[in-house]
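J.: Residue-level listing of the chains:
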Amino acid sequence: MADRDDMALDPLLADALRAERAEVDAIAGRLTGARERVLEGVLARVLRDGVAPPAAAVRPRRVTPRRAAIAVAAASALLGAGVGFAVGRGTRGPARPETSTAAVVPVHADAGPHPQRLPTATDAAPPSREPAAAIPDAPPARRRAGSRADARRELDEPLLIDQARAALRRRLLDDAMSALREHERRYPRGQLVEEREVLLIEALLMAGRGDDARARIERYQREFPDGLLREHVRSLDRAPDGSSVPE
Amino acid sequence: MSSGGSDPLLALFSQRAIDFVIRALVRLGAPAQDLEDLAQDVMVIAVGRFASFDRSRALEPWLWGIARNRLRDYRDLARHRVEVGSEHAPSEALAAPQVAADGLLARRLHAALGALPEEQQIVVVLHDLESWTLPECAGALGVTVDVAKYRLAGARQSLRKRLAPKDTVAGHG
Numbered sequence: 001m002a003d004r005d006d007m008a009l010d011p012l013l014a015d016a017l018r019a020e021r022a023e024v025d026a027i028a029g030r031l032t033g034a035r036e037r038v039l040e041g042v043l044a045r046v047l048r049d050g051v052a053p054p055a056a057a058v059r060p061r062r063v064t065p066r067r068a069a070i071a072v073a074a075a076s077a078l079l080g081a082g083v084g085f086a087v088g089r090g091t092r093g094p095a096r097p098e099t100s101t102a103a104v105v106p107v108h109a110d111a112g113p114h115p116q117r118l119p120t121a122t123d124a125a126p127p128s129r130e131p132a133a134a135i136p137d138a139p140p141a142r143r144r145a146g147s148r149a150d151a152r153r154e155l156d157e158p159l160l161i162d163q164a165r166a167a168l169r170r171r172l173l174d175d176a177m178s179a180l181r182e183h184e185r186r187y188p189r190g191q192l193v194e195e196r197e198v199l200l201i202e203a204l205l206m207a208g209r210g211d212d213a214r215a216r217i218e219r220y221q222r223e224f225p226d227g228l229l230r231e232h233v234r235s236l237d238r239a240p241d242g243s244s245v246p247e
Numbered sequence: 248m249s250s251g252g253s254d255p256l257l258a259l260f261s262q263r264a265i266d267f268v269i270r271a272l273v274r275l276g277a278p279a280q281d282l283e284d285l286a287q288d289v290m291v292i293a294v295g296r297f298a299s300f301d302r303s304r305a306l307e308p309w310l311w312g313i314a315r316n317r318l319r320d321y322r323d324l325a326r327h328r329v330e331v332g333s334e335h336a337p338s339e340a341l342a343a344p345q346v347a348a349d350g351l352l353a354r355r356l357h358a359a360l361g362a363l364p365e366e367q368q369i370v371v372v373l374h375d376l377e378s379w380t381l382p383e384c385a386g387a388l389g390v391t392v393d394v395a396k397y398r399l400a401g402a403r404q405s406l407r408k409r410l411a412p413k414d415t416v417a418g419h420g
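Note that the protein sequences, when read in sequence, are chains D and H. Number 188 in my numbering belongs to position 188 of the first sequence; there are no gaps in the numbering. So the mapping is simple: my numbering equals the position in the second sequence, first residue as 1, plus 247.
Don't read these hints as lab results, they were simulated from the structure. The structure presented is a predicted model; accordingly, all values stated were derived computationally and were not measured. All C-beta atoms, glycine included, are put in the ideal place defined by N, C-alpha and C. Hints are not guaranteed to be accurate.
[As the list claims (entries may be wrong)] Some, not all, of what chain H presents toward chain D, calculated at C-beta under 10 angstroms:
#1 D266
#2 A286
#3 R355
#4 E377
[Stated by the list, open to error] Derived list of chain D stretches under chain H, where covered just means 3 residues or more per stretch with a C-beta under 8 angstroms from a C-beta of chain H:
#5 9–20
#6 166–177
#7 229–239
Bound-form chain H, shown alone (with noise of 0.2 angstroms):
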């Protein structure tokens, strides 16, 4: 798919994209203090990467990427400044603040998704959270329907086990 003439990285700068990186970010954990300077960092990465980026893919698996990899040094860092100066354990130095049930329901959602591998995590997020068809995500990532449809299920049973209750996972101490 080209562009129509239109410089694509504009699409980079649009509403859509930006507030897919704020909840993309949210989404990874990132912590709400860091939230904004977060977002900054992965839309100049991007930025900066442009010419590398698939022009004929949508644009939010690829922010997806970078945001998780962002997130991931990040974390690295906030590591070694808890073990060098901080009292506080990294997960509580990266806890939200909120207590409500769906927040805590969320919260394991969150660290359910985190678990997955970056394939079924994109799928998910796109299809389930950002409510994408199956065909829409299955064009974005590059592949059929089927392998959109296989990389969900997977996905969603994986979920399903992380979030029952202990005692009702087979095989679970």
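Just chain D, with the same shape it has in the complex (with noise of 0.2 angstroms):
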């Protein structure tokens, strides 16, 4: 099983998935139209015939006239919005079959999708219209016998930050906040509380509130002099607009 260690991010590879995302992102932004072109082709080819691509060493299955039909009014929806081609967070997130129906709308880059998730503790928690400042201070998990407990908050305390973590890529503020409180209030004294500040900080930049997250950034500084963390920290002291931010 994976430990901790395993899961936390070095800095040498959180700096390569951020440069990753923000240079497919710049090469996919500059494909002007890419998406309605490739729709085009696609459907073109599937009312021609349906032929595999000429290098495909294995080729499909012929198309039916239903499925010819399908694509038609699915390529005609998507190119008759007149949609741009955005690729960024927005268009992010599980695409599943059954939200097939609403798949032909547009999707605005700004949109933020909120894909699917299995209940979570955090799904309990009471929805905020904005972030607070401070994480209200709560009791101490309650501590159960047993070490199948003990398991199951080794595992559920990487899954807070990381379901905050993926909220916050989303902009879903709200949602963001409520994990890290969550995990505040289970886990005072965690093994991730370095990466919960952090975490709360960027959320404070994002919702554009400097003054909040400039004296989380100060107490970060305090409390974790030798952060791995703390150069990153430090390009958020830096750009306290939030221009830091990982995408």
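These two chains come separately, so use the hints to put the complex back together.
T.: Shown next as structure tokens:
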């Protein structure tokens, strides 16, 4: 089983992932009208004969008339909407087949998907309209006897941080703050406190709450003078408008 | 899971799915000049094979596999063309023009990603690059969260080793 060290992102890998996302978005963003051209091309080929691409080692099944009709309907709906090509957070997240009816409706890049999720502890948290400056103090999580409960705790802590990080990347600030509050409530002295604090700073910056973020940055620098994420926090401090928050 | 009465094939034509295919091809190292053609190929193959798609799963892992195979075939052909007539090596022919530092780092990551087993590749792509949560990844891949987490941890460990400067990697000549 993976241990916590394996799950932690070291700075080099974190930088590489950030650079990769920015680079891929930039490349895709330069392909103006690419989505429409791809759709048109697929549509033409499906209507023609559904043949395999020239270099494919395997031939796809022949496309039935029904599939072709569906392709026409879908492509027409998408092309007719005149959508721009925008690749970013707003277009990410699981694309479930069961959401297909809405799938042909253009999704604006800033709309942000809210993919289906398995229920988690944070789903029960009350929604908040904006991130709080400070996470309210909460009683420490109850100690439960037994290794099963301990194992569950071990697993849940990174999942909460993971959920907060994913929500931040999609700019779902309420979701991110809920996860961070839940983490602080359940793991006030957990193994991922440093990461929680950094995510909170990012959330505050993203919400335009520079003063609150600044206070949290100072607190982070006091509590984690040798923290693994201190360079990242410095970069956040240098750009208090949130422009350094990872995309 | 059912499709709720609508045809899941429609989901293939969503912006999200097409955008994912394009990003997948970039991540797999597709050359910019052939990106759209390759994306078309992937979509046509997906339409043709849709009957074999497990509709209880998310589309992305399936599309990733198709893109990966399509690009492998493309490279096989490109390599053949180079052998018979081009003066350019395949790596040069396939290299992206991006020269910025971020671009170089991204390409190093792509190279490291390409060396991972597919089951690790896809969880890194979905979780670390597409910002899915672990439960979402697990659901899409049809595995438990523990398994998804295990694969992600292994993948990150491998990526770290490949990204680290060579003189800091233990045992590296």
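J.: Could you run down the list of hints and mark each one as holding or not?
T.: Verification of the supplied hints:
1. For H/D266, the shortest C-beta to C-beta distance to chain D is roughly 5 angstroms, which falls under 10 angstroms, so the interface hint holds.
2. Residue-level restraint check for H/A286 holds (minimum Cβ-Cβ distance to chain D is 5 angstroms; threshold 10 angstroms).
3. Restraint check, H/R355 versus chain D: the minimum CB separation of about 7 angstroms is within 10 angstroms; hint holds.
4. Annotation: H/E377 was flagged as interfacial toward chain D, and the flag holds, the nearest CB pair being 5 angstroms apart, inside 10 angstroms.
5. Residue count for the region 9–20 of chain D with a Cβ under 8 angstroms from a Cβ of chain H: 9. That meets the three needed, and the coverage hint holds.
6. Check on the region 166–177 of chain D: 3 of its residues sit with their Cβ under 8 angstroms from a Cβ of chain H, so the three-residue criterion for coverage holds.
7. Counting residues of the region 229–239 of chain D whose C-beta lies closer than 8 angstroms to any C-beta of chain H gives 0; at least three are required, and the coverage claim is violated.
Consistency with the previously given hints fails for number 7 only.
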